[in-house]
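Engineer: Protein sequences appear in the order of chains X and B. Letter 118 of the first sequence, counting from 1, is numbered 118 in this note's numbering, and no numbers are missing. Letter 129 of the second sequence, counting from 1, is numbered 129 in this note's numbering, and no numbers are missing.
One or more hints might be untrue.
Computed list of chain X residues with no C-beta within reach of chain B, every gap over 10 Å [claimed, not checked]: (1) 22; (2) 27; (3) 30; (4) 42; (5) 75; (6) 96; (7) 111; (8) 115.
Covered stretches of chain B, as calculated for chain X (at least 3 residues, CB under 8 Å) [what the hints assert, rightly or not]: (9) 18 to 25; (10) 34 to 42; (11) 51 to 61; (12) 67 to 77; (13) 116 to 124.
Looking from chain X toward chain B, a few residues come up when the C-beta cut is under 7 Å (computed) [what the hints assert, rightly or not]: (14) 46; (15) 54; (16) 124; (17) 125.
If you are wondering where the hints come from, they were derived from the structure by calculation, not from laboratory data. All residues carry an ideal CB built from backbone N, CA and C; glycine is no exception.
Protein chains: 2
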Amino acid sequence: MSAHPTSHPAPHPARGLHLIADLAEGTAEALADPVLVERVLRAAAQAAKVRVVGLNLHHFGPQQGVTGVALLAESHISIHTWPEEGVAAIDIFVCGPHADAWAALRSIEAGLSMRVAAAQAIPRLGARR
Amino acid sequence: MSAHPTSHPAPHPARGLHLIADLAEGTAEALADPVLVERVLRAAAQAAKVRVVGLNLHHFGPQQGVTGVALLAESHISIHTWPEEGVAAIDIFVCGPHADAWAALRSIEAGLSMRVAAAQAIPRLGARR
Chain X
1 MSAHPTSHPA
11 PHPARGLHLI
21 ADLAEGTAEA
31 LADPVLVERV
41 LRAAAQAAKV
51 RVVGLNLHHF
61 GPQQGVTGVA
71 LLAESHISIH
81 TWPEEGVAAI
91 DIFVCGPHAD
101 AWAALRSIEA
111 GLSMRVAAAQ
121 AIPRLGARR
Chain B
1 MSAHPTSHPA
11 PHPARGLHLI
21 ADLAEGTAEA
31 LADPVLVERV
41 LRAAAQAAKV
51 RVVGLNLHHF
61 GPQQGVTGVA
71 LLAESHISIH
81 TWPEEGVAAI
91 DIFVCGPHAD
101 AWAALRSIEA
111 GLSMRVAAAQ
121 AIPRLGARR
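Okay, chain X solo, but in the shape it has when bound (with noise of 0.2 Å):
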């Protein structure tokens, strides 16, 4: 969880920006552990250098998939998993000139053991906060 990234571009010049990213190759057990989950989303906001404002974790049962999102000051990171497949669907949209999405991800890459199998990056319009 560097400050600051050397192996991804810097963060877009506009003030939103949302990284959609589909990771694969995790394992049930961890893809099925809300405590985890909660871990790697509060590293995750740690890492990209934003504030916690809430978050919410569901569990949709024993080896099966956690939803988790975190709000943030700066908008919210989300992670869906699927234990049975190995994948997660994560989301970081950040606002803000200090905010640094790309770290996000690679905590989490590094938190869940996972590689991103696809990934973009938009910028949303609006984005002051």
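With chain X fixed as given, assemble chain B onto it according to the hints.
Structural biologist: Chain B only, in chain X's frame:
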């Protein structure tokens, strides 16, 4: 909130569909109203025929923005508002053959009395829940 949309394309055949929409021309009053934002989130979920498993709202203060996320059995719907600019950023990420993301977007447009300034539909991987 018709069950069978006619004015938008049918949902993407991929099982996960993520609509990203930036809305404009909202009133400052509506966009600073957390009660309205919660009602709009719940109506959007109903329009999409999805199930809310959690809901979290944060109001940044009087006359300030609201962040709300509905956690769904089918992923999530989020709304971030910027009353001072009359804009809102919407995400509707739904999985499964019955979820109607476009109906949710129309419901949010109507509920907030705004218009879509930019939107895109992104198929997401591994979408089975």
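Engineer: Now tell me, hint by hint, if it's right for this structure.
Structural biologist: Hints, verified against the model:
{"no.": "1", "hint": "22", "result": "4 Å, violated"}
{"no.": "2", "hint": "27", "result": "14 Å, holds"}
{"no.": "3", "hint": "30", "result": "15 Å, holds"}
{"no.": "4", "hint": "42", "result": "15 Å, holds"}
{"no.": "5", "hint": "75", "result": "5 Å, violated"}
{"no.": "6", "hint": "96", "result": "12 Å, holds"}
{"no.": "7", "hint": "111", "result": "18 Å, holds"}
{"no.": "8", "hint": "115", "result": "12 Å, holds"}
{"no.": "9", "hint": "18 to 25", "result": "holds (count 4)"}
{"no.": "10", "hint": "34 to 42", "result": "violated (count 0)"}
{"no.": "11", "hint": "51 to 61", "result": "holds (count 7)"}
{"no.": "12", "hint": "67 to 77", "result": "holds (count 7)"}
{"no.": "13", "hint": "116 to 124", "result": "holds (count 5)"}
{"no.": "14", "hint": "46", "result": "18 Å, violated"}
{"no.": "15", "hint": "54", "result": "5 Å, holds"}
{"no.": "16", "hint": "124", "result": "5 Å, holds"}
{"no.": "17", "hint": "125", "result": "4 Å, holds"}
In this structure, the earlier hints numbered 1, 5, 10 and 14 are contradicted, and the remaining ones agree with it.
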